[in-house]
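Each protein sequence line maps, in turn, to chains A and B.
Here our numbering is used: the first residue of the first sequence is 1, the next is one more, and so on.
Here our numbering is used: the first residue of the second sequence is 1001, the next is one more, and so on.
What the hints contain is simulated information worked out from the structure, not anything from laboratory work.
Take these hints with a grain of salt, some might be off.
Unchecked claim - Straight-line alpha carbon distances no greater than 20 angstroms define the calculated EDC-like cross-link-like pairs of lysine to aspartate or glutamate that follow:
#1 B:Lys1089 x B:Glu1113
#2 A:Lys269 x B:Glu1274
#3 A:Lys269 x B:Asp1277
#4 B:Lys1268 x A:Asp278
#5 A:Lys269 x B:Glu1140
#6 B:Lys1075 x A:Glu240
#7 B:Lys1114 x B:Asp1049
#8 B:Lys1268 x A:Glu267
#9 A:Lys114 x B:Asp1277
#10 B:Lys1268 x A:Glu131
#11 B:Lys1155 x A:Asp13
What the hints assert, rightly or not - Facing chain A, a subset of chain B residues (Cβ under 7 angstroms, in silico):
#12 Gly1076
#13 Cys1092
#14 Phe1122
#15 Gly1124
#16 Ala1222
#17 Gly1223
#18 Arg1224
#19 Ile1225
#20 Thr1256
#21 Lys1268
Said to hold, decoys possible - Away from chain B, derived, C-beta distances all over 10 angstroms, residues of chain A:
#22 Glu27
#23 Ser43
#24 Asp123
#25 Lys161
#26 Gly207
#27 Leu218
#28 Lys287
#29 Glu317
We treat Cβ as the ideally placed atom computed from N, Cα and C, and that holds for glycine.
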Amino acid sequence: MGWAIAVHGGAGDISRSLPHDRRQPREEALRHCLQIGVEALESNLPPLDVVELVVRELENIPHFNAGRGSVLTSEGTVEMEASIMDGNTMRCGAVSGLTTVVNAVSLARLVMEKTPHIYLAFDGAEQFAREQIHLHCRIFQGVEIVDSSHFITPENVERLKLAKEANRVQIDYNAQPIQNDTKKEKPCANGDSQIGTVGCVAVDSHGNLASATSTGGLVNKMSGRIGDTPVIGAGTYANELCAVSATGKGESIIRGTVARDVAALMEFKGLSLKEAADCVVHERTPKGTVGLIAVSAAGEVVMSFNTTGMFRGFATEDGYSEVAIWSDAQVE
Amino acid sequence: MGGWAIAVHGGAGVDPNLPLHRQEEAKQLLTRCLNLGISALNSNLPAIDVVELIVRELETDPLFNSGRGSALTEKGTVEMEASIMDGPKRRCGAVSGLTTVKNPVSLARLVMEKSPHSYLAFSGAEDFARQQGVEVVDNEYFITPENVGMLKLAKEANAILFDYRIPNGCETTCGANVESPLHMNGLPISVYAPETVGCVVVDREGRCAAATSTGGLMNKMAGRIGDSPLIGSGTYACDLCGVSCTGEGEAIIRATLAREVAAVMEYKGLGLQEAVDFCIKTRLDDGKAGLIAVSKNGEVAYGFNCNGMFRGCATENGFMEVGIWE
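Only chain A is shown next, with the shape it has when bound in the complex (with noise of 0.2 angstroms):
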């Protein structure tokens, strides 16, 4: 038993025919991140910290969906939302709704360990990251402020615009469906746009255990949308057990417990990581909702999808290492 590490960015209805200046540039980057978590677990960092440093990574890569690169508001702004949470003593910290902190990610971190809170929001959020830079120096403990014009990328913009010209998000839940059934996601105009979340898993040779989970959230979404990403038990879960990253259609992670129902089905019905991962998405969301990445403490690593892909990676100390996007792969 080693330790080992998983990456993703973003679970959807990634098209086969993705074009390969779209391809190429993110498999780098998680190839990229990958590496940094690995030199992380190889020199004794504590699995926490090394959630938040390749979390901060993909936040400031351009090409995923969190930090700099976020999907737009309906009103071309960015609302970034992150949360991070420790096995061993179940700290967890959470944030929604920033504007200007570059790493969303470490905030939430700074909210777990500086305040007597667990969730900060909106103006109380970047206030609170104010105060701690003022309080310190210019960037205190990875939290550091720009104009929001650093976020926003010219793919996002345009993304926001077919998405208004589609009226996706009307669309796709208008047409609801009301039961568990298996209508699989409307695939969209430029065929990436149901892009999400970024997020790391990690467990340490001692079976410590993270994870840290971050996003912009929905292309048009609402401004004040909260979706599954800063919900503790929905996007990011870590115990004693293991650890979970989720991403997808942020309602039905939410509706679905999805980190928590992982590490549930481990604990309450002894299933492995494996077996739990694949019954919370196979069997208990519906298709096309959820992705998720996740870790045990025996050093185990899966990845599960039920999308056309998930922009994903692993690594484990006996050396193996993975990059892929499309179909399901799982160790064994």
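Using the hints, position chain B against chain A.
Using the frame of chain A, we list chain B on its own:
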């Protein structure tokens, strides 16, 4: 079994020195709410409608910490949050950071039914409220003189306390020992105002629903979100049961408490009361909390690991109980 069942709560963690007349007021409110729920259930109103109705009643009454009578933020304002969940399809809606919406639980319901999302907060939620035409009032409407006084005490207590999260390890006995008051979340219980409200219902069709509403923690940082609007933590409902929690929000979130009750029922096959007891006993560590729950079979249960919880429950076969202490 079978038949309807209902439970309501007005918060876990009760000031052991709570004056008798306040205890009476609380019991009367809980009784009134139960009776309202009972007639609704007897007229076959669906569970989801009943929980909303009852929580609206609790929000409107200034007694507990929700809607009018909400605890105040460190700035002296009110920021309310709520969530609602409908068991049969696990539809859910939640809101946070409301400052003018008279009944947060009803806005949560509208999020569930009239928006493409599950959770709206702060100015986005307020905008949605206006679009939907729900009743809005000035923030002052929600603020009561008692809570203004409590905020002052809380700020004074802060001046002494070094770290919120290190609770004063105090013992307390009912009615005695005024010098060592019970603490929750680092604040003396008399100012902590944990009195989140909630309601869980199973109707005659076996449909479960749950709803929770609160003003949150006294003297909280602006923007602080607790467990009440978080599906799986403060509120949860599925085919098997409906659960609403109250107490130290941070502990409830860490424990994903509401979901936990349902998960042990579903994955371990525990009955409702067993599940409630298991979760209260083993999932809270040092945290103080309580919860109410109903099952699709018409059972009702509650549990808490602190000295009291304002609660009431009733079942169709005539059982009815309102209580505060153990």
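Hints versus structure:
Restraint check: the Cα-Cα separation between lysine 1089 (chain B) and glutamate 1113 (chain B) comes to about 12 angstroms, which is no more than 20 angstroms; the hinted pair holds. This hinted pair checks out: lysine 269 (chain A) and glutamate 1274 (chain B) have alpha carbons roughly 17 angstroms apart, not beyond 20 angstroms. For the hint linking lysine 269 (chain A) to aspartate 1277 (chain B), the alpha-carbon distance of about 19 angstroms falls within 20 angstroms, and the restraint holds. At roughly 19 angstroms between alpha-carbon atoms, lysine 1268 (chain B) and aspartate 278 (chain A) fall within 20 angstroms of each other, so this suggested pair holds.
The straight-line distance between the Cα atoms of lysine 269 (chain A) and glutamate 1140 (chain B) is roughly 50 angstroms, outside the 20 angstroms bound, and the hint therefore fails. At roughly 38 angstroms between alpha-carbon atoms, lysine 1075 (chain B) and glutamate 240 (chain A) are farther apart than 20 angstroms, so this suggested pair is violated. Between the alpha carbons of lysine 1114 (chain B) and aspartate 1049 (chain B) the distance comes to roughly 15 angstroms, so the proposed pair stays at or under 20 angstroms and holds. With a C-alpha separation of about 9 angstroms, the suggested pairing of lysine 1268 (chain B) with glutamate 267 (chain A) holds against the 20 angstroms cut-off.
At roughly 32 angstroms between alpha-carbon atoms, lysine 114 (chain A) and aspartate 1277 (chain B) are farther apart than 20 angstroms, so this suggested pair is violated. The hinted pair formed by lysine 1268 (chain B) and glutamate 131 (chain A) fails the criterion: a straight-line CA distance of about 46 angstroms is larger than 20 angstroms. This hinted pair does not check out: lysine 1155 (chain B) and aspartate 13 (chain A) have alpha carbons roughly 51 angstroms apart, beyond 20 angstroms. Interface hint at glycine 1076 (chain B): violated, since its Cβ lies 14 angstroms from the closest Cβ of chain A, which is beyond the 7 angstroms cut-off.
Proximity of cysteine 1092 (chain B) to chain A holds as hinted, the smallest CB-CB distance being about 6 angstroms (cut-off 7 angstroms). Given the 7 angstroms rule on beta carbons, the hint for phenylalanine 1122 (chain B) holds: about 4 angstroms separates it from the nearest Cβ of chain A. Here the hint on glycine 1124 (chain B) is kept, as its CB sits about 1 angstroms from the closest CB of chain A, short of 7 angstroms. Restraint check, alanine 1222 (chain B) versus chain A: the minimum CB separation of about 4 angstroms is within 7 angstroms; hint holds.
Restraint check, glycine 1223 (chain B) versus chain A: the minimum CB separation of about 1 angstroms is within 7 angstroms; hint holds. The beta carbon of arginine 1224 (chain B) comes within 5 angstroms of a beta carbon in chain A, closer than 7 angstroms, and the hint placing it at the interface holds. The interface hint given for isoleucine 1225 (chain B) is met, as the beta carbon of that residue sits about 4 angstroms from the closest beta carbon of chain A, less than 7 angstroms. With a cut of 7 angstroms, the hint placing threonine 1256 (chain B) at the interface with chain A holds, because the nearest CB-to-CB distance is about 4 angstroms.
Below 7 angstroms, beta-carbon pairs count as interface contacts, and lysine 1268 (chain B) has one with chain A at about 5 angstroms; its hint therefore holds. Residue-level check passed: glutamate 27 (chain A) sits 31 angstroms from the nearest beta carbon of chain B, beyond 10 angstroms. At roughly 29 angstroms, the least C-beta separation between serine 43 (chain A) and chain B is larger than 10 angstroms, which holds for a residue marked as non-interface. The claim that aspartate 123 (chain A) lies off the interface is violated: its Cβ sits roughly 6 angstroms from the closest Cβ of chain B, which falls inside the 10 angstroms cut-off.
Every CB of chain B is more than 10 angstroms from the CB of lysine 161 (chain A) (nearest about 19 angstroms), matching its label as outside the interface. Every beta carbon of chain B lies more than 10 angstroms from that of glycine 207 (chain A), the smallest distance being close to 19 angstroms; the non-interface claim holds. The beta carbon of leucine 218 (chain A) sits about 8 angstroms from the closest Cβ of chain B, which is not more than 10 angstroms, so the claim that it is off the interface is violated. Interface exclusion of lysine 287 (chain A) from chain B stands, the closest Cβ pair being 16 angstroms apart, more than 10 angstroms.
Non-interface call for glutamate 317 (chain A) relative to chain B: holds, since the shortest CB-CB distance, roughly 29 angstroms, exceeds 10 angstroms.
Checked against the numbered hints given earlier, this structure breaks hints 5, 6, 9, 10, 11, 12, 24 and 27; the rest are met.
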